[in-house]
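K.L.:
Protein chains in written order, with the numbering used here: chain A, 1 to 285; chain B, 1001 to 1318.
Derived by calculation from the structure, the hints in this document are not laboratory data.
It cannot be assumed that every hint is accurate.
[To be verified] Examples of chain A residues toward chain B, derived with CB under 10 Å:
1) Ala-167
2) His-170
3) Ser-171
4) Gly-172
5) Glu-175
Ideal Cβ placement from N, Cα and C applies to all residues, glycine included.
Single-letter residue listing:
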Amino acid sequence: MSGLALPRLIGITRRSPTLAIGAAILLVFAAMAIAAPWIAPFDPVQAQPFNVLAAPGGAHPFGTDGNGMDVLSRVIAGAGWAFGIAIPAVLVGILAGVPLGLYTGYRGGWFDEIAMRFFDALRVFPSIILALAVVAAAGPSLFNVVLVIGLLDSPVFARVVRAEVLALRHSGFVESARAAGNPTWRILFVHILPNAIQGAMAQAAVRAAWAVRISATLAFLGVGVQPPTPEWGAMIRQGAEYLVTGQWWVGVFPGLALILMVLGLNMLGDGLQDLLDPRRKAATR
Amino acid sequence: MSLLSVENLHTHFISRDLDNRVRVFRALNGVSFTLDAGQVLGLVGETGAGKSLTATSILGLLRPPAKVVAGQAVFAGEDLLTIKEGALNALRGHDIGLVVQSPKSSLDPLSRIGDQLIRIHRAHTNASGAEARARAEAMLTSLGIPGRMRAWPHELSGGMAQRVLIALALMNAPRLLIADEPTTGLDVTVQAQILDLLRDLVRRSGVAAMVITHDLGVVAHYCDAMAVMYAGAIVESGPVTAVFARPTHPYTVNLIAATPQRLRLGAARTIGGPPPNLLALPEGCAYRDRCPLAGPDCATPPPERALADGHVVRCHRV
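I would like the entire structure built from these sequences, with the hints used as guidance.
P.N.:
Listed below in structure tokens is the structure:
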């Protein structure tokens, strides 16, 4: 298998350039996040009171911000924060949403009906306002931000899984599993889950993009991760103040990083969906 | 005492129409039969007669809106229709094996067949992994597909998949095997192989088997007893030899006459008229509208008449 790694990589790139580009962008960000302490020229939270708002160039390629912190170092460190929020948030969403989707889809009836209407209500409500309200009430800790984003995400996973389960629950092998005397939980987790999880996996990348975006939004609005933490949303908020006075570099560089990462995650998600669903691929090509 | 005794089984599909009136679709209307250990019973009838539904009702595999509304199905002293779900799960797959139709879709596509065999064995017994593996390998060998433990379901042909399903049903040495059209969709040579295999297994291990089919040839060659179903009821039953020697119910007579004969060209005889509408069954005998012998007395429920050798018919015209 490993001997075929390179030809396989090329094959996947051919079949879905979107996937390859998205994955490449994310790999760069992941490398940045891991290697941040070594590749960043400065400590991202070390203020230099005598070198405030320096223009890009020289020792500070991206300039410095209002506290004299190096913007490049902060953008690099921000990748770690973005992953650190998005990945646990998506995990929370999957852990809460997937079992719920499995059970409601399999059981059906009034329970399914109530759960789905509850999810609808949650989806209709603007998620940013909901997240804002919850985080504002519970306090702007990293834990709360992750939990809120994850829970707001769970209906999406529940829906995707439920749709698969609805198609699978009357299939022959599920009926056989029942005839073989399997209890419900076993049918759900051993037989249905592996067959129903593909869609949710492709959805995970798209939801991670959303998580990155909304955590930045929360920080921008001042209720997420707090400055001077090198979080992109918080940095953009800081930069917004200087935009009118001409120090564009404070906000633009973290903004570009944010756009690139969200783009990369979305491309990865779309690419995965294409790859996993041949019908969709045929329709788009 | 017989191993399985089904008494007066009624299964209805209860739904509501657009005007919110209750609609009752009477799919099974009093099915009764018994099955002894070591016996092979063939259940025949046209599509929609309730053959498969009889099996799913007995096994508690019905889903709403289908519901058993009356009757009992006593298996080894326990009524399967009132037993608790947990106890039923202990019986299903252990004491009762089911071989379903459409073998290719009845295997979990994401598990190797060896793993599926091992899982069903370990779910019902205390066998160790190694013991279960050995048994699974032996089972596949005895079914003529040795060395396929690591195969994926999509790699199997229809006949092989059907053998795997039989292996799954037999892994825990059941006392009752229910085969629901085990050879539908297989070509004739494979059909014969599968049926021979099933018959050998039954003879060797002494399990009771219920074979659901619409192929009278299968019944004639492989079964000891047969029951002919029409509109959710058994209209004629008895030993295969007795029923074929003297088919008595007009439906059975027509069914046997409609079987294509070898080397005889020309249009086959058919049974006139559409199958009965289960929403509005005729009063009395359900076959009345299509029966060439129907008379005014057929508007009352036909009596059950016993002929020789356990041959039983439900008809006014005996």
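K.L.:
All hints, please: hold or fail.
P.N.:
Comparing the hints with the structure gives:
Checking A/Ala-167 against chain B: minimum C-beta separation of about 12 Å lies over 10 Å; hint violated. Because the beta carbon of A/His-170 sits about 8 Å from the nearest beta carbon in chain B, less than 10 Å, this interface hint is met. The criterion of a C-beta within 10 Å of any C-beta in chain B is met by A/Ser-171, whose closest approach is roughly 6 Å, and the hint holds. Hint status for A/Gly-172 relative to chain B: holds, with the closest Cβ pair at about 4 Å, below 10 Å.
At about 7 Å, the closest approach between the beta carbon of A/Glu-175 and any beta carbon in chain B falls short of 10 Å, and the interface hint on this residue holds.
The structure fails hint 1 only (numbered hints given earlier).
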